[in-house]
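Take a look at the letters that make up each chain.
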Amino acid sequence: METYQIYSLTSAVLFVIGIGGVFITRHFIKKIIATMIMGGGVFLSFVSFAERDALTFADPVPHALVITGIVVAVASAAFALALARRIYQQTGDISFSNDK
Amino acid sequence: MSLIIDGLLAILAIYLALQSLLAPRLTQSVFLFFAFGLALALAWIRLAAVDVAITEAAIAAGFLGVLFLDALRDFAPRIPAKNEAVQKQYSKSQTKSLFLPRLTLWAGLGLFLLIALEAVWKIPEGGGLTAAAGTLLPESGVENPVTAVLLNFRAYDTWLEMGVILIGLLAVFAAGGKMAYRKPGVASQDPLLRQVILFFTPVLFLFGAFLLYIGKTGPGGAFQAGVLWGAIGILLHLGGWPFIALMPRWLGQLLLTVGLGFFLVLGFLFMAAGGALFEYPPAYAGILILIIETLAAISIAAALSAIFALLNQIGEEADEIESTT
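Read top to bottom, the protein sequences are chains W and L.
Per our numbering, the first sequence runs over residues 1 to 100.
Per our numbering, the second sequence runs over residues 101 to 425.
Careful: at least some of the hints might be erroneous.
Residues from chain W that face chain L, not an exhaustive set, calculated with beta carbons under 10 Å [to be verified]:
#1 Y7
#2 T68
#3 F96
Hints are computed from structural coordinates only; laboratory data are not their basis.
Just so you know, even glycine gets a beta-carbon here, dropped at the ideal spot from N, CA and C.
Chain W with its partners taken away, still in its complex shape (with noise of 0.2 Å):
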C-alpha cells in the first residue's frame, strides 16, 4: 500500500462523515463544519492523486485547483455563517427545526 492509497482512501471516509454531518447535526455552524469537512476530503483525493502522479515535481495542476478550491470554500463558509448570525439574530433559531 502505498502512501497516496492510503491517503484516497481517507479522502472517502472523510467525504462520507462531512456528508452524513449535513443531514444528521442541527446547528448551523456544525453543518458549515461539516460542509468544510466534504470539502477536505474532495481537495485530499486530489492532491493524493497528484502525489501518484509525480514526476520530479508532484502534479502542480491539481494543487492549484485545490489552493483555489480551499479560499472559495473558505469565502462561502464565510457567506454561510453571515446568514446563520442573522437568521439568529432575527429569529433566535439556532438550526432548521421547527423547535427553539
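With chain W held as given, fit chain L onto it using these hints.
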C-alpha cells in the same frame, strides 16, 4: 515507517472530523475543526503539496477558525442549558417516528461510503499533467510549478477566484444588512493586545512579503501572503483600529478591486496585442507575475479583513440589542 506515519495521520484526521461533528458543545466542535484543519495540513505535506499545506493552515484552519470563534460570541453563551435539555427531549420523543428515515439515512451513508471507496480505489492511471507542466515550465517565468499553473497556465481560474472572494464579501455585506463599516471606536486599552499588535504587525507583514516573493521559486504565493496580510487587518480591527473603516471609501474600494482589475486590464491588453487572454510574453512573464501576485495579495488581504470586520459587526449589533432589551 512512513506507512505508520501516514496511517496514524489518516486516522487522526478521520477521528477529528468525526469528533468535531459529534462533540456535544459548540466550542469543542470549533476547536476540533481547527485541529482537523491542521491535521489536513500535515497530510498535504506528506503528499508533497507544501503550497496547499500553507494555504490550508492559513485560510481553512486559521482564518475560518477566527470567523467561527467570532460566531461563537453569538451562539455559545446564549444557549441556556434548559434549551439544550428541551432539544434532547424533543429528539428523544421523535426517535420512534424517525426510526425508518434514520435507518435509511445510515444505510445510504454506508452504501455511499463503499461506493466512494471503490471509486477512489479504481481511478485509472492517467499520468496527469505533470509532464506537460514540466515541459512548459521554462516559458512560464517562474520556477515553482504550482505558481506557474496558478498565475500563468491557468491564470483564468485564479482571476475568477479573486472575483469569487469579492462576491463573497459583497454577499456578507448584503446578509449583514449594512450600509457602511462601523466607524472606529476607542482604541483597545488591553496592554497585552497592544503589545501583540505592535509585535506581530511588522512580523506578519515581512513574512507575507517573503512568502509572496519566494512563491517564484518555492512554496508560497499570493494567497498565502494575502492571508498573512489579512491577519494584520484582523489584529488591527480587534485592537480598535479598523483600518478599512478609517480609510476613505474610494481607497478601500480600490484596494479591494485592484487585484481583479489589474488582472483583467492586463488580459485584455494581451488580447489587443493579438495573443490569447493571459498569454504573457515569456520575456516579461516573471516580473508580470510578481506584480499581479502583489496586487492580488493586497486585494485578498483587504477582502478577508473586510469580511472579518463585517461578521464581527453583526455580533456587536446583537450585543447591543441584548443590552438594550
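Unmet hints by their number, sorted upward, for this structure
Number 3 - this is the single hint that the structure violates.
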